[in-house]
Amino acid sequence: MQRYTVAVLVKNQFGVLNRVTSMFRRRQFNISALTVSETESPDFSRITVLFDGEHSNKEQLIDQLYKLPDVCSIKELNSDESINRELLLIKMQNSPETRSEIRDAADAFDAKTVDYNRDAIVIQLTGDSRRIDDFINLMRDYTILEICRTGIVSLERGETTLRSELNI
Amino acid sequence: MILSGADIIIRTLIEQNCEVVFGYPGGQILNVYDSLYKYESEIRHILAAHEQGAAHAADGYARSTGKVGVVIATSGPGATNLVTGIATAFLDSIPMVAITGNVPSSHIGSDSFQEIDITGITLPITKHNYFVGKVEDLADTIREAFRLASSGRPGPVLIDVPKDIQIAKCEYTPASPIESDKPEPAKEIRIKEAAECINAAKRPFIYFGGGLINAGAQEEMLELAELIDAPIGCSLMGLSGIPTDHPRFLGMQGMHGHFASSMGMSHADCIISLGVRFNDRVTGNREKFARGAKVVHIDVDGAELSKNFPVAHGLRGDVKLTMKALLPLINKGDHSEWQAQIDKFREEENSNIDRRDGITPYSAIMTLNAHLKENTPVATDVGQHQMWAAQHLRFRKSRKFISSGGLGTMGFGMGAAIGAQTGTGEHSVLVTGDGSFGMCLNELATAVTYKIPLVILIMNNGVLGMVRQWQTLFFDKHYSNTVLNRKTDFVKLAEAFGAKGEAVNNLEDLDRALERAFAYDGPYIVECPIEKDEFVLPMLPPGGSMEDIIVKIKD
Chain W
9 MQRYTVAVLV
19 KNQFGVLNRV
29 TSMFRRRQFN
39 ISALTVSETE
49 SPDFSRITVL
59 FDGEHSNKEQ
69 LIDQLYKLPD
79 VCSIKELNSD
89 ESINRELLLI
99 KMQNSPETRS
109 EIRDAADAFD
119 AKTVDYNRDA
129 IVIQLTGDSR
139 RIDDFINLMR
149 DYTILEICRT
159 GIVSLERGET
169 TLRSELNI
Chain H
37 MILSGADIII
47 RTLIEQNCEV
57 VFGYPGGQIL
67 NVYDSLYKYE
77 SEIRHILAAH
87 EQGAAHAADG
97 YARSTGKVGV
107 VIATSGPGAT
117 NLVTGIATAF
127 LDSIPMVAIT
137 GNVPSSHIGS
147 DSFQEIDITG
157 ITLPITKHNY
167 FVGKVEDLAD
177 TIREAFRLAS
187 SGRPGPVLID
197 VPKDIQIAKC
207 EYTPASPIES
217 DKPEPAKEIR
227 IKEAAECINA
237 AKRPFIYFGG
247 GLINAGAQEE
257 MLELAELIDA
267 PIGCSLMGLS
277 GIPTDHPRFL
287 GMQGMHGHFA
297 SSMGMSHADC
307 IISLGVRFND
317 RVTGNREKFA
327 RGAKVVHIDV
337 DGAELSKNFP
347 VAHGLRGDVK
357 LTMKALLPLI
367 NKGDHSEWQA
377 QIDKFREEEN
387 SNIDRRDGIT
397 PYSAIMTLNA
407 HLKENTPVAT
417 DVGQHQMWAA
427 QHLRFRKSRK
437 FISSGGLGTM
447 GFGMGAAIGA
457 QTGTGEHSVL
467 VTGDGSFGMC
477 LNELATAVTY
487 KIPLVILIMN
497 NGVLGMVRQW
507 QTLFFDKHYS
517 NTVLNRKTDF
527 VKLAEAFGAK
537 GEAVNNLEDL
547 DRALERAFAY
557 DGPYIVECPI
567 EKDEFVLPML
577 PPGGSMEDII
587 VKIKD
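Residue numbers (the working numbering), protein chains in the order written: chain W, 9 to 176; chain H, 37 to 591.
No wet-lab data here; the hints were simulated from the structure.
Some clues are possibly wrong.
[Stated by the list, open to error] With a straight-line cut-off of 35 Å between C-alpha atoms, the simulated DSBU-like cross-links for lysine-lysine are:
#1 H/K228 to W/K75
#2 H/K487 to H/K528
#3 H/K360 to H/K330
#4 H/K170 to W/K75
#5 H/K330 to W/K66
[What the hints assert, rightly or not] Partner residues are not named here, just some residues of chain W that face chain H (Cβ under 8 Å, in silico):
#6 S64
#7 K66
#8 Q68
#9 D71
#10 Q72
#11 P77
#12 R148
[Said to hold, decoys possible] A short list of chain H residues far from chain W (calculated; beta carbon distances all over 12 Å):
#13 G63
#14 H143
#15 F149
#16 T485
Every residue gets a Cβ at the ideal spot worked out from N, C-alpha and C, and that includes glycine.
With the hints as extra help, turn the sequences into a complete structure.
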């Protein structure tokens, strides 16, 4: 089992996300994260899928995606040749005993404190998923009140784009 | 010219060369039916008894003609009644366009009377579907639906049109019929690799399915078979693709396939598979399936390559064009040893032919065969009768076997037969069982209304035979809810519907009854008794392989 990142350019139309996730559900693809966002063009949306499976499952996922008429372009993004980022917001219990350790850890990760009050600290961290996982694991030593992460967004290094393959 | 949405729907259908639509009216599709009234000289509408029957009819029309079948229904229950029909078409890759009405846009999402989210419901069983939000989009949406339904691997497309969009008006500019996407052959390098594999084969086998018929690649396949001296088998969906009596043809594969065909494929060292999907009914246990073979797979749908079965050479492309490019690279082969082995399988199969006197599944289908013309479409329902028909019917031309393969829809046959008859104009046949016929026999009313010349052979065994067969073999003869023994008198039933019918008790009567049925200009039921403990054989037990094949039942 391996983790794959697949970027999908889709027509920016009502219900597209539903079509894509409906296919994932019905064919039981193991999706660990999925993000949808607007793009540089109002005609397209971009879906980034983080998927766990065998190589053959990944091929099948891409082939099945291509069958959806709203899907315009697909690219598997491997970590060496792309930039992957995720944003984490984590709300920690604020107590005098742990306060300084949490802040030290946050500093070590270059994370920002975005909210601070007597009972809770909210920390924001950006990075690849591995880095986010590491930080969360570190925080497990203290009391985590709430976690929210965006899921991955990913861009290829260099000048190629998903749209450049479409010639548009 | 300025037209209403409803008029645009019908005008666009006419423009797309649609001559006949199947359907059922209702509140939210009334405007479209008003347009059908207006344009009735240019487009026919066949009113079914139930929307499911209408959907199967559009499907049967498409299967028998290769054209896009069109079905129209109202919102809510009208739309949901189409679901089984759409799913049947989806699993067998049949080009269909379904048009449904819906409540006015302003009411959508409020659970209004007869409102249903049909685009949501049909998401996993359509190639694509549309909810039309603007009347200006209507004509192009329908054109696009025809293109999608008929391009590449065909399939059903649904268009949901709210009532206010049917009423709204806009400019309509006629267009010419849409062309399907241009078929492309597979990549040259893949074709070369596949050719090397085929040339190295000592025991080649060709296995084809519905995709070969869609591509119209029969000629190329037969040329390949001659060139490499290979036997040919097919999936259920491939039946009628080439003449049944073609000397290289061994018949259907799989769970109830012909012995020689299944044995041939399992002993091959190279399987050239054309427009198939290696369904579990064909492969049985995939771990044990064709272990000694390298598989070359050509399919227009790239997602089918290695989906169900890992193949050595997956070629994504139009089967016909890919075969055309492949053929010049193939060396002439001569495999007399292999052919001798195939002949042995054939002999063994022949030794198991049912030679009992009287009406048996085999003799009943063989009697029917004598009445079939080369252009006669034969529809079936689903169950034992379907397998007997698949095994023993003799076909001479393509698109004559109209059967629900992927979904296995009992109740498919009546609608499908009406659609096939409408599409071809030929006196048609439905082979059905008492169970399946009971599911959608209401369409007998449709067949009577439209004077559909249709021979309905009911193989009546008083039980749900296929399920019973499994209960006999795998459930200690616990015949749970499979004994029907209904008091239905099919002859009186036929008369009550305004059709004709007769019941027979021996083979001579069956022959004469079929004679009368084919001479009658309308639906004609021939009820033929079948012993309730007849089996469909051979049988690959579920999850089994060729080593587990059952050819005879011991008492």
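Going through the earlier hints one by one, which of them does the structure break, listed in rising order?
As far as the earlier hints go, 7, 12 are violated by this structure, in ascending order.
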